Amino acid sequence: MEAILFFLAAIGALGGAVGVIALRNPFYGVLGLIVHLFSLAVLFLLLTAAFVAAAQVVVYAGAVMVLYVFVVAYVGGAEESAWESIPGQRFLAPLLGLALFVELAIAVLSSSLLALGTDGPHVRAGFGDPAAIGYLLLEKFLLPFEASSILLLLAAVGAIVLAGRQRAGVR
Amino acid sequence: MSAEWYVVLSSLLFAVGAMGILVRRSPVVVLLCLELMLNAGNLALVAFSRMVGNQQGQVFAIVVMVIAACEVVIGLGLIVAIFRRRLPLDVDRLRELRG
Chain A
13 MEAILFFLAA
23 IGALGGAVGV
33 IALRNPFYGV
43 LGLIVHLFSL
53 AVLFLLLTAA
63 FVAAAQVVVY
73 AGAVMVLYVF
83 VVAYVGGAEE
93 SAWESIPGQR
103 FLAPLLGLAL
113 FVELAIAVLS
123 SSLLALGTDG
133 PHVRAGFGDP
143 AAIGYLLLEK
153 FLLPFEASSI
163 LLLLAAVGAI
173 VLAGRQRAGV
183 R
Chain B
1187 MSAEWYVVLS
1197 SLLFAVGAMG
1207 ILVRRSPVVV
1217 LLCLELMLNA
1227 GNLALVAFSR
1237 MVGNQQGQVF
1247 AIVVMVIAAC
1257 EVVIGLGLIV
1267 AIFRRRLPLD
1277 VDRLRELRG
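Just so you know, the protein sequences line up as chains A and B, in that order.
End of the first sequence sits at 183 in the working numbering; the numbers just go up one at a time, nothing left out.
End of the second sequence sits at 1285 in the working numbering; the numbers just go up one at a time, nothing left out.
Calculated from the structure, these hints are not laboratory results.
One or more hints might be untrue.
Taking beta-carbon pairs under 8 angstroms as the criterion, some of the chain B residues facing chain A (in silico) [to be verified]: (1) Val1202; (2) Gly1203; (3) Val1266.
Since the structure is predicted, the reported quantities are computational estimates derived from the model, not experimental observations.
By construction, the Cβ of each residue, glycine as well, lies at the ideal position given by its N, Cα and C atoms.
The shape of chain B in the complex, shown without the other chains (with noise of 0.2 angstroms):
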């Protein structure tokens, strides 16, 4: 399979995820979208890694995987103190800093 088919599907991804933190209103489900975004940016970079036979792609990969991690403990953190003090699990109502 060359390249083009996973860079290709990798921007499908990208754009189910972002359809998704369009659509979808609970925050559990918006981080899970945003983890479907970053695994699209994944796929896309281990494919040029291997397009172009270095490996450094790889390394950004497990990087991209790192702030993966950092944002979805911190998202969670977050999404239980919100349920902590019993405020409304919804994206568009958590709107008490908007201008």
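Excised from the complex, chain A in its bound form (with noise of 0.2 angstroms):
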């Protein structure tokens, strides 16, 4: 059962992943990411983090993608112009992608991984749920927790500088 469930969500978010990439028209790009980020949260809910998973669905695929569908819908999907920069840069870059995955598939054979093989050990029943993760935030990860806080808070402050209605006279 898990297995198929993991099958399942792993055609989904490569699925996802390939739509974005492939997709001509960025609007259904945001939508093959939106099948990505839901099947991902399958996978996180598999791997018992079920706070990460539910964090998952509401600010990436909840908040987000709002946020870009809305951009996508404002800026308009332009056309990718067929001028390239580098010249042969659309044959070029698939092979280079690929030759990623070979780079990461030998470094992650090549490790001890395989030979632990190990589904993890036996959690308890509240591994990953909302109060274990609040306890780690607040107690160790205190200060981690309120760096990313204020970072929040400047790239609001820089999105409304960036996108804001521009006053009169200045550029």
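With the hints as a guide, dock the two chains, each given alone in a separate frame, to form the complex.
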């Protein structure tokens, strides 16, 4: 059962990812990314990371993707030009991507990960639930938690400065 | 499912995202591909966290999610600003800062 669910979610995640890079209309690309994110949430649930899965669906698929949809609707799906600044980029880029995957696969397979071959230890019932993660965030990782909240505030201010309405005479 | 399946899937997703960044020129799609790569990293973090039986990897994944949200907000703000100045939305044509 777990294996079937894993492969279904893996196919969904991979299909969504390929859809993002293959579809010409950015709007369909955003929809592909939503499929990808939901499949990843299923994978997180299989890995007993309930809070991360919930945050993935609520924050990503809920909030960030809405932002994407609005921006795509605002700027419109511009056609990509055929002009290439690097000759042969269309053929070189997939080769380089494939080389990256081969490299990563070699790195994974030659590590001691296979020798471990483990499903992980048997975890207790509350592993990865909001209470445990919240406890960790507020006890052990308080400084990273506060730093990321300041980062979010800075990003919000930066977005307003970048995309806000410009005053007359100011470029 | 043992954890190496998740790690191999995550490296595959990372490679797909990197390929997208190399191939596509629209800044919106490049940002989407960045999301793909960050999520692949997240999947590996959560898989390792399950394998070790330690929840700290999941906290890292949440921090990565926050970073991704910040990056999206700034990136989309830049795209809107570029669009308002009537500049071409093409990462190969926006090369004024290039040396």
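Results of checking the hints against the structure:
{"no.": "1", "hint": "Val1202", "in the structure": "holds, 4 angstroms"}
{"no.": "2", "hint": "Gly1203", "in the structure": "holds, 7 angstroms"}
{"no.": "3", "hint": "Val1266", "in the structure": "holds, 4 angstroms"}
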